[in-house]
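**Student:** As they're listed, the protein sequences go chains A and B. Take the first sequence: its position 134, counting from 1, is numbered 148 in my numbering, and each next residue is one higher. Take the second sequence: its position 513, counting from 1, is numbered 526 in my numbering, and each next residue is one higher.
It should be emphasised that the hints constitute simulated quantities derived from the structure, not laboratory data. Remember, it's a predicted structure, so these values are computed and weren't measured experimentally. Even glycine gets a Cβ: it sits at the ideal position worked out from N, Cα and C. Keep in mind that a hint or two might mislead.
[What the hints assert, rightly or not] Cross-link-like lysine to aspartate or glutamate pairs, in silico, EDC-like; alpha carbons within 16 Å at most:
1) Lys258(A) - Glu325(B)
2) Lys292(B) - Glu500(B)
3) Lys338(A) - Glu328(A)
4) Lys338(A) - Asp356(A)
5) Lys216(B) - Glu244(B)
6) Lys49(B) - Glu244(B)
7) Lys258(A) - Glu324(B)
8) Lys241(A) - Glu368(B)
9) Lys241(A) - Glu500(B)
10) Lys438(B) - Asp465(B)
11) Lys177(B) - Glu368(B)
12) Lys195(B) - Glu510(B)
[To be verified] Cβ pair distances, simulated, as ranges:
13) Leu353(A) - Arg277(B): 19 to 25 Å
14) Leu353(A) - Phe112(B): 24 to 30 Å
15) Leu353(A) - Phe35(B): 28 to 34 Å
16) Phe112(B) - Ala52(A): 43 to 49 Å
17) Ala354(A) - Lys292(B): 35 to 41 Å
18) Asn256(A) - Gly405(B): 31 to 37 Å
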Amino acid sequence: MSLLRLEPRGQASRVMVYLTPVIAVALTLVSGFLLFWAMGFDPVKALHAFFIAPLMSVRGLGELAVKATPLVLCAVGLAIGFRANVWNIGAEGQLTLGAITGGGLALAFYGDGGWWLLPLMIVAGMAGGALWAAIPAFLRTRFNASEILTSLMLTYVALLLLNYMTHGPYRDPEGFAFPESRLFEADAVMPILIQGTRVHLGSLFALLAVAGGWVLIARTFIGFQIKVIGLTPAAAGYAGFNEKKIIWLTLLLSGALAGLAGLGEVAGPIGQITPTVSPGYGFTAIIVAFLGRLHPVGILLAGFLMALSFIGGEAAQIGLGLPKAITGVFQGMLLFFLLATDVLIRYRVRFGAQKKAAGKVMA
Amino acid sequence: MDSATLSNLPHRLELRGITKRFPGCLANDAVDLVLKPGEIHALLGENGAGKSTLVKIIYGVLHADSGTIRWQGEEVTIPNPAGARRLGIGMVFQHFSLFDTLTVAENISLGLENPGPMDALSQRIAEVSERYGLALDPGRHVHNLSVGERQRVEIVRCLLQDPKLLIMDEPTSVLTPQEVTKLFETLRVLAAEGCTILYISHKLEEIRALCDRATVLRGGRVVGDCDPRQETARSLAEMMIGTELSTPERIPQGQAGAPKLQVRHLSTTSDNPFATNLKDVSFEVRAGEILGIAGVAGNGQAELMAALSGEELVPDPGSVNIEGRPVGHLGPRERRELGLAFVPEERLGRGAVPELSLSENALLSGYAREPLVRSGLVHFGRARSYAERIIGAFNVVTHGHRAEARSLSGGNLQKFIIGREILQKPRLLVVGQPTWGVDAGAAAAIHRALIDLARGGAAVLVISQDLDELFVLSDRIAVLFHGRLSESSPTHQTSVEEIGLLMGGLFNRPPDEDEEVGRGV
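Chain A with its partners taken away, still in its complex shape (with noise of 0.2 Å):
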């Protein structure tokens, strides 16, 4: 007899669907505080560098909302997608995608652009993550392949194609051989929203996205059949619900936003092509779908805490001198203790030995 058991609720607790998230995030703080204390350091001070210090200045807030928006305009994407239970694991490269096809254009049109361009760009950027989102589409739809394992894969051939670019055909021609684009021209740059900070246009984009997921979740038809399908495929072939068109439309979209955010990367902070466009944005945003409930508001939040984690682990790789694989440690525990309490929500837990046998269902 256990002195801590699980037993289950009669139904899904409300609360706990938005408080686990909550208990996630302080079960890492307090890991991460023990981490610290392990390790030698002053734990307080740590966290704190790691969590406070970043939030303390306008420039600290921006560099949050530039590390939020890639994130943000993936984990929405993603999170239709898994609702229907199409699984797109491929948002690092359907990201790539955008950042070879939308910055291939700023270096197309190089010295002659105008202000026509960076729409232009955005278009194809949406396009080329929309297109690498649809390989995996048709070979699901086709011959029944898994997406995850599609859209994973390709997800490195698309890291090798941006390498091959940036050592080939985008090479800054006046760049003494070093793997790199030109700099972009003003026209092909995002403007800059915020005077002093980082923050570009790719944010007021990753509100629209927010906005217009949480209306097609919502509100739309379309979202009802995501749910049903993602829920009971069988009621989705009964009412007449077209999986096939879901599993095509949830990709193409989550495709094209991850490729927006590629796109927002290379005409945003970085301003040209490099061989790393991202570190790892598009898999961190499958953390911040599920830390956001799939829900677009909750994502909006999600991804400025993922971001803060990004920053932190910045700060304290300089501050402290940790190693780099510090922020991967803080988002692992962190989806880690997200989904160990998810368990909260179905069972509630009882202290104290039971006193007679509790009932168990057989299936």
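Following the hints, position chain B against chain A.
**Tutor:** Frame of chain A; chain B shown alone:
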């Protein structure tokens, strides 16, 4: 053993003051139940009366909050189903506990203490299923089995354990009359050998034919104890419901109208080797009439339902026609727009999404014919009022349109689904198993609604394994066997026995078919 010896033995099972409380509901309230060796004892009650809870306590799935259980005179606690099986209690659940990806023999071996080698077990399964007329191939995978066949697996699994008490929860709903007769013979043999049978059914005629005693539950309490042979089906039903029962009257149809559904030479081929392909099925349903299609589960009902609903498209568009229009190539949405409504056999998980509210479930099929969606946006206010209309018109017992579909009892959910389809004013309604596992009150309401719909000029097709139901509802009855459909006969010109023989396959028998048919005749 003669009856004098039996009556001197201690009670096989004696329950005293069994109480079980769930959050918000008292499922069993001081229930007493005494089962004697060798008796066939009926447990009667509407859905939600506490029957399932009580038998789950006996089988060790649930544990009573208070009360005592005596087995053969000795007080026992039954910790779990394995403990119940060790005592000699076997149970056939209404909802099956089978693993889809395993074979029949593998599933059965999982439920046995000492399954032994698989070959020998398969041999024993074949013997038992042969002896009790429960055709079963031990090597088949469960996911390919129909509802009826899955139930046979459960029954055979129990019989292999030579139980002293056999609990049967609605066991006959998917059997032909001849198979029911055979099962009853089996049960009587088992009872004569001293095995006690606790028999749960809503088919009151069966209980009257089979059982020695009946205990009636209502609202978690025992409200009656009687000898069912001394009662009428009506008096049993009224004891169970607590009020008088209104049964629908079937007024024979005068002249049927224009054909609404025409099926011509419909054949299907499936990639699934265990699916029953339809072979040259032809029939029509006319405005104002109800056609019943009888048959044992697994004879092509699922395939016929899918071909009619549009969930499976058929190669020749002209083999399914709605009001003269070929629709074989159209999906469910287009067919709904043409006036088809559809109630699947599987309520939770196909007819309704368990986790969604009744409002959202009203939208699930209601979008096609009700103004619930406007320029791509869901009109939630209208979906809610549509759900409320269904709840009101069909007396769905629930705490409102926000209730999740899975919170409803089987009967109430079925009333909701049928209401949702009927309020769309379909010109053609296809219904699978309208009242399987539904309590008597709800079943009567559903039958009433189907008859009213037909009287209003719609064509209704009922595919069911419940012959009593088909004889109450249908103007004509046809039988599906091995994917072939018999000629239909007017209900008043045929009999349960005749239809039962057709369900066993005595029709249209092509000379080249060397399968053993007409088993048990």
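**Student:** Look at each hint and say if it fits the structure.
**Tutor:** Right, here's what the structure says about each hint:
no.	hint	verdict
1	Lys258(A) - Glu325(B)	holds, 15 Å
2	Lys292(B) - Glu500(B)	holds, 14 Å
3	Lys338(A) - Glu328(A)	holds, 7 Å
4	Lys338(A) - Asp356(A)	violated, 29 Å
5	Lys216(B) - Glu244(B)	holds, 14 Å
6	Lys49(B) - Glu244(B)	violated, 21 Å
7	Lys258(A) - Glu324(B)	holds, 14 Å
8	Lys241(A) - Glu368(B)	holds, 10 Å
9	Lys241(A) - Glu500(B)	violated, 43 Å
10	Lys438(B) - Asp465(B)	holds, 12 Å
11	Lys177(B) - Glu368(B)	violated, 40 Å
12	Lys195(B) - Glu510(B)	holds, 14 Å
13	Leu353(A) - Arg277(B): 19 to 25 Å	violated, 54 Å
14	Leu353(A) - Phe112(B): 24 to 30 Å	holds, 26 Å
15	Leu353(A) - Phe35(B): 28 to 34 Å	holds, 29 Å
16	Phe112(B) - Ala52(A): 43 to 49 Å	holds, 45 Å
17	Ala354(A) - Lys292(B): 35 to 41 Å	violated, 54 Å
18	Asn256(A) - Gly405(B): 31 to 37 Å	holds, 33 Å
The structure fails to meet hints 4, 6, 9, 11, 13, 17 from the earlier list, while all remaining hints are met.
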